[in-house]
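Given two chains presented individually in distinct reference frames, assemble the corresponding complex, making use of the accompanying hints.
Going line by line, the protein sequences match chains A and B. The numbering of the first sequence is numbering that gives the first Met the number 0, which starts it at 0 and goes up by one. The numbering of the second sequence is numbering that gives the first Met the number 0, which starts it at 0 and goes up by one.
It is worth saying that the hints were derived from the structure and are not from the lab. Misleading hints may appear alongside valid ones.
[Stated by the list, open to error] Just so you have them, the derived chain A footprint on chain B, three or more residues with Cβ under 8 Å:
no.: 1; segment: 40-50
no.: 2; segment: 327-338
[To be verified] Facing chain B, a subset of chain A residues (Cβ under 7 Å, in silico):
no.: 3; residue: F17
no.: 4; residue: G20
no.: 5; residue: T35
no.: 6; residue: R42
no.: 7; residue: G66
no.: 8; residue: T69
no.: 9; residue: L71
no.: 10; residue: G74
no.: 11; residue: Y76
no.: 12; residue: P79
no.: 13; residue: Q109
no.: 14; residue: T135
no.: 15; residue: E136
no.: 16; residue: N141
[Claimed, not checked] DSS-like cross-link-like pairs, simulated, lysine-lysine; straight-line CA separation at most 27 Å:
no.: 17; chain 1: B; residue 1: K161; chain 2: B; residue 2: K225
no.: 18; chain 1: A; residue 1: K10; chain 2: B; residue 2: K164
no.: 19; chain 1: B; residue 1: K14; chain 2: A; residue 2: K10
For each residue, glycine too, the CB sits at the ideal point set by N, CA and C.
Below are the chains, spelled out letter by letter.
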Amino acid sequence: MGAGNTGGFTKQMARNIFYGGTVFFILLFAAIVFHTERQIPARSNAAAITPEVVRGKKIWETRNCIGCHTLLGEGAYFAPELGNVYTRRGGDFIKAWMQAQPTGAPGRRQMPQFHLDEQQLHDLVEFLKWTSQVNTEKWPPNIEG
Amino acid sequence: MKTFQLKYRSQAVAKPYFVAALLLFTGQIVFGLGLGLQYLIGDFLFPAIPFNVARMVHTNLLIVWLLFGFMGSAYYLVPEESETELHSPKLALALFWIFLVAGAATIAGYLLVPYATLAEMTGNDLLQTMGREFLEQPLPTKVGIVIVALGFLFNISMTVLKGRKTSISLVLLLGLWGLALMFLFSFVNPHNLVRDKMYWWFVVHLWVEGVWELILGALLAYVLVKTTGVDREVIDKWLYVIVAFALMTGILGTGHHFYFIGLPGYWLWVGSVFSALEPIPFFMMTVFAFNMVQRRRREHPNQAALLWAVGTAVMGFLGAGLWGFLHTLSPVNYYTHGTQITAAHGHLAFYGAYVLVVITMISYAMPTLRGREAAPRRAQAAEMWSFWIMTIGMGVMVLALTGAGILQVWLQRLPESGAMPFMATQDQLRFFYWLRLSGGVGFLIGLVVYLSSFFIGETADETLGSVPQAA
Numbered sequence: 000m001g002a003g004n005t006g007g008f009t010k011q012m013a014r015n016i017f018y019g020g021t022v023f024f025i026l027l028f029a030a031i032v033f034h035t036e037r038q039i040p041a042r043s044n045a046a047a048i049t050p051e052v053v054r055g056k057k058i059w060e061t062r063n064c065i066g067c068h069t070l071l072g073e074g075a076y077f078a079p080e081l082g083n084v085y086t087r088r089g090g091d092f093i094k095a096w097m098q099a100q101p102t103g104a105p106g107r108r109q110m111p112q113f114h115l116d117e118q119q120l121h122d123l124v125e126f127l128k129w130t131s132q133v134n135t136e137k138w139p140p141n142i143e144g
Numbered sequence: 000m001k002t003f004q005l006k007y008r009s010q011a012v013a014k015p016y017f018v019a020a021l022l023l024f025t026g027q028i029v030f031g032l033g034l035g036l037q038y039l040i041g042d043f044l045f046p047a048i049p050f051n052v053a054r055m056v057h058t059n060l061l062i063v064w065l066l067f068g069f070m071g072s073a074y075y076l077v078p079e080e081s082e083t084e085l086h087s088p089k090l091a092l093a094l095f096w097i098f099l100v101a102g103a104a105t106i107a108g109y110l111l112v113p114y115a116t117l118a119e120m121t122g123n124d125l126l127q128t129m130g131r132e133f134l135e136q137p138l139p140t141k142v143g144i145v146i147v148a149l150g151f152l153f154n155i156s157m158t159v160l161k162g163r164k165t166s167i168s169l170v171l172l173l174g175l176w177g178l179a180l181m182f183l184f185s186f187v188n189p190h191n192l193v194r195d196k197m198y199w200w201f202v203v204h205l206w207v208e209g210v211w212e213l214i215l216g217a218l219l220a221y222v223l224v225k226t227t228g229v230d231r232e233v234i235d236k237w238l239y240v241i242v243a244f245a246l247m248t249g250i251l252g253t254g255h256h257f258y259f260i261g262l263p264g265y266w267l268w269v270g271s272v273f274s275a276l277e278p279i280p281f282f283m284m285t286v287f288a289f290n291m292v293q294r295r296r297r298e299h300p301n302q303a304a305l306l307w308a309v310g311t312a313v314m315g316f317l318g319a320g321l322w323g324f325l326h327t328l329s330p331v332n333y334y335t336h337g338t339q340i341t342a343a344h345g346h347l348a349f350y351g352a353y354v355l356v357v358i359t360m361i362s363y364a365m366p367t368l369r370g371r372e373a374a375p376r377r378a379q380a381a382e383m384w385s386f387w388i389m390t391i392g393m394g395v396m397v398l399a400l401t402g403a404g405i406l407q408v409w410l411q412r413l414p415e416s417g418a419m420p421f422m423a424t425q426d427q428l429r430f431f432y433w434l435r436l437s438g439g440v441g442f443l444i445g446l447v448v449y450l451s452s453f454f455i456g457e458t459a460d461e462t463l464g465s466v467p468q469a470a
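This is chain B alone, in the form it adopts within the complex (with noise of 0.2 Å):
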């Protein structure tokens, strides 16, 4: 196969990124497969790694690692776009060191200081802000991810300032400043639970079901020129309706988390509305995602990115959009919220939408950062059978996380009188956790192939008979 050189140099500063992105998300695997365990045995590594830390720990990787992978995403994809170098590779590279340091220094904080002690270590008292969900970061870990969001912001948007304005660009930086400017409310804890709660959800809805969705967008549209050589006039029109759907349906769609928190009941009625629109844009994603390929112009030579690029629009719908869609009526939600259900939807939206993404730009870019325009054959064929692997291996978790929900609801939450307790229900609920954790296996599994997938070189026939390969 043909050696490729990448058109801009400083698109290279990306493989760091992409390195850490995989290995912090094995992290995150293996700590979930744990906390599948602790589910079943609950006193499984008690009281080294209690449930609260490792879930802590699995959920912090996830986002520090899709954050890395996005980021790296930005540094290959806006210098190409923009046909010019990137403003700063050095700047790049830094952040890439700092992000790291204090996202390992964290998870390291969570292992091994009991949790209030490191709240004091680290000044929480100036500014209480640990200790809710997701945003359990310490406040200099948080005033990192500021920096390193503004320094990163910077390099990509003067880098976008100075070269081609494509709309694929401006929809990623939209995408990424919002991204930035949500997280500023993980600063914002008041002392009323309400309001805490309703501010809290301003970072986590409003980047997963918001913000995020143009990175999504951005990306994938961005893979789909790549590959398929369809015509970008038609592939900029789909991601400006794809996320003008997004964000009209999902901004109001966030009252879908205001039922049942102390906040006022039209909520009830708004929240419901819009949320049950929010399926739109991921079903409109998976037309685009087929469409697209259908009229494809070129063979591109790395046809696992290709995979992965159908698989995020086809898993996204499936996990964000109709997962979603199950409970998001609040006559529905008013018995799911808080259950086994709401597990289920958060696993596959994940997977589908972001982790599949960041794969997809992963799978596309890496080839190139390694010299080459695709990974060899064999190498291709490793990937799309991780792909299967984990996405049945995800499938076999969510159906029976779902289960679970559903038996916890009918046990626990549906009868008026005599309704069994929570513990009780939960050992109701043991079949299902350990199909769930044989597809944790699974998934874990897919991902060990995925992974070994980078380490396949070319067949003897591929080496000799380079040159006609190329298409």
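Bound conformation, chain A alone (with noise of 0.2 Å):
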């Protein structure tokens, strides 16, 4: 291609594939995108996400879980997954860990204390909750996520 022998290549061509190849690929991701949204409500159990869920996941923003944690596998590889902690650990023992944050073990990984109360706390499991029942593909492997 660079060289000189270039077979009748020329910049006009490449730049032709650039610019044809780019527009196809990007209607083509765009009509993909606009089926994969169509399905989303079916396997993100859209008709279960209440009040509470929305709230909760205004505490998870908030609070920046994601600077240490993972969900669905995204985020900061510092903290335990917890797209399936729910699964995992239950309501209630989300509940209490949070609460007894930090634990001031020396030397360990400490979690921030937030202060959340019964409502919020509430809302951040319903939250989690929801996240445990969205299709994933069967991710995590396994329940340690």
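Now the structure itself:
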């Protein structure tokens, strides 16, 4: 290509491949995303997104939980996966755990105390419960996340 | 060495952008070392700077300094490519200060105010956008980024429109417009987490594995044009083919993030097939860089810039290409998703592709902004040393994280029953985390050497025998 014997492959052809290819793949991507959009309600069990779940997601976001944990495998890798924590530990454990932080064990990773009230803890658990029911193609491979 | 005059005076606005970029880069690395320590000494700096806060500072500084680097590069490159002065140097300078102050205020906010309070103070309730990885910025900061980006794009686009239109400036412009456009998805945060995650990738993936590659290609092509003197026709052709493959593989390659977040199963196929092809443009970039250097028609006095350029191509291929391919196929990613393998890839890809291309531009442009064609010989030698020290430091980090990731998968992910819990697994990875930290220390040393190169002057014989130096 770059060499002198380009065999007639010109800059204009390269440019056309770039523009044409890009437009084609943008349209194809948009089409698949459009199809995916319509599958999301069923796959995510969207009917179960209660006001509690919505509030719980906001708690999750405004405490920057993603800065240490992963959720469905995305986030930071400093603390356990929480997409399936409801299945692994149960709601009561999650609440008790949050209230017991930080452990203060010397040298161990510490989780901040977020001073959530009972309602907020409940909302957060509802969010994590809903998340654990999302169809994730059977990920994670085992309960440890 | 001969003094050097910028072809267009307005190119000089690039200088503060480059200086700010390097200062923020240094901050990023310091916080990175803190994070590396927290992996080992869990309560280090707790509760003053918890891990999530330090990580937010680390990643946000990276994004901001790379944006400073891209903008500075564009302000430097576009007037020269367009053969005309920048539309408004004053606007460029004003936007510089706005962006710097907004960036600094945001980082200070992260460090001084609890995140939930910061969200309340900054109007997160008006439009909830905070608390998503890399997009943690408060609403006013996000709006500020859009305003700065629009002002910047206006300035650059006007300059291109009134002057010569080259392939390099057009590809760069497309990349920068794409960057701003995709950032708008950071304002999209549906209540449904699955939908939220999908559109989040429109920013993150379509930046780094999409439009940023256009910026990368254009900057690399520009420096190669300048330092090798190879015919533009040849370089333009390469550039178009590279960015064509980048987008033709990278757009549908987004699918490799859609495997396990609640989206339909066909993404396992779409993502695997197209992201497996994503190394192609990076491989082509490597061939391109070596090819151009081999066919160079001049010996440019700035040999350091050439090393950074070739380094970008090679390390970009290793980090984004090879380390990406390592875990991109869905059956592999099923086990590696969200492990230290991801961290290994992320570090090498960002360093290899984007950190190095910005340093390449700085290395090429900075001497000219300081009135000479190339840095003094000893300064260039320090730069070259710093390239190797940083690259080896990063290499140690990435190999350590890869080792940690493999062991983590083995202990925590592969067993179908009796898998080791997350924290117990982390205890088993300590050796690798120490190794990673040592690589990080090496990286910081390399960075200090790099920064010091700006303060190294000429030797006596360079000053005296200045005229025949120019090549």
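Hints and how they fare:
no. : hint                 : verdict
1   : 40-50                : holds (count 7)
2   : 327-338              : holds (count 5)
3   : F17                  : 4 Å, holds
4   : G20                  : 4 Å, holds
5   : T35                  : 6 Å, holds
6   : R42                  : 5 Å, holds
7   : G66                  : 2 Å, holds
8   : T69                  : 4 Å, holds
9   : L71                  : 5 Å, holds
10  : G74                  : 6 Å, holds
11  : Y76                  : 6 Å, holds
12  : P79                  : 4 Å, holds
13  : Q109                 : 4 Å, holds
14  : T135                 : 5 Å, holds
15  : E136                 : 6 Å, holds
16  : N141                 : 5 Å, holds
17  : K161(B) with K225(B) : 22 Å, holds
18  : K10(A) with K164(B)  : 15 Å, holds
19  : K14(B) with K10(A)   : 33 Å, violated
Consistency with the previously given hints fails for number 19 only.
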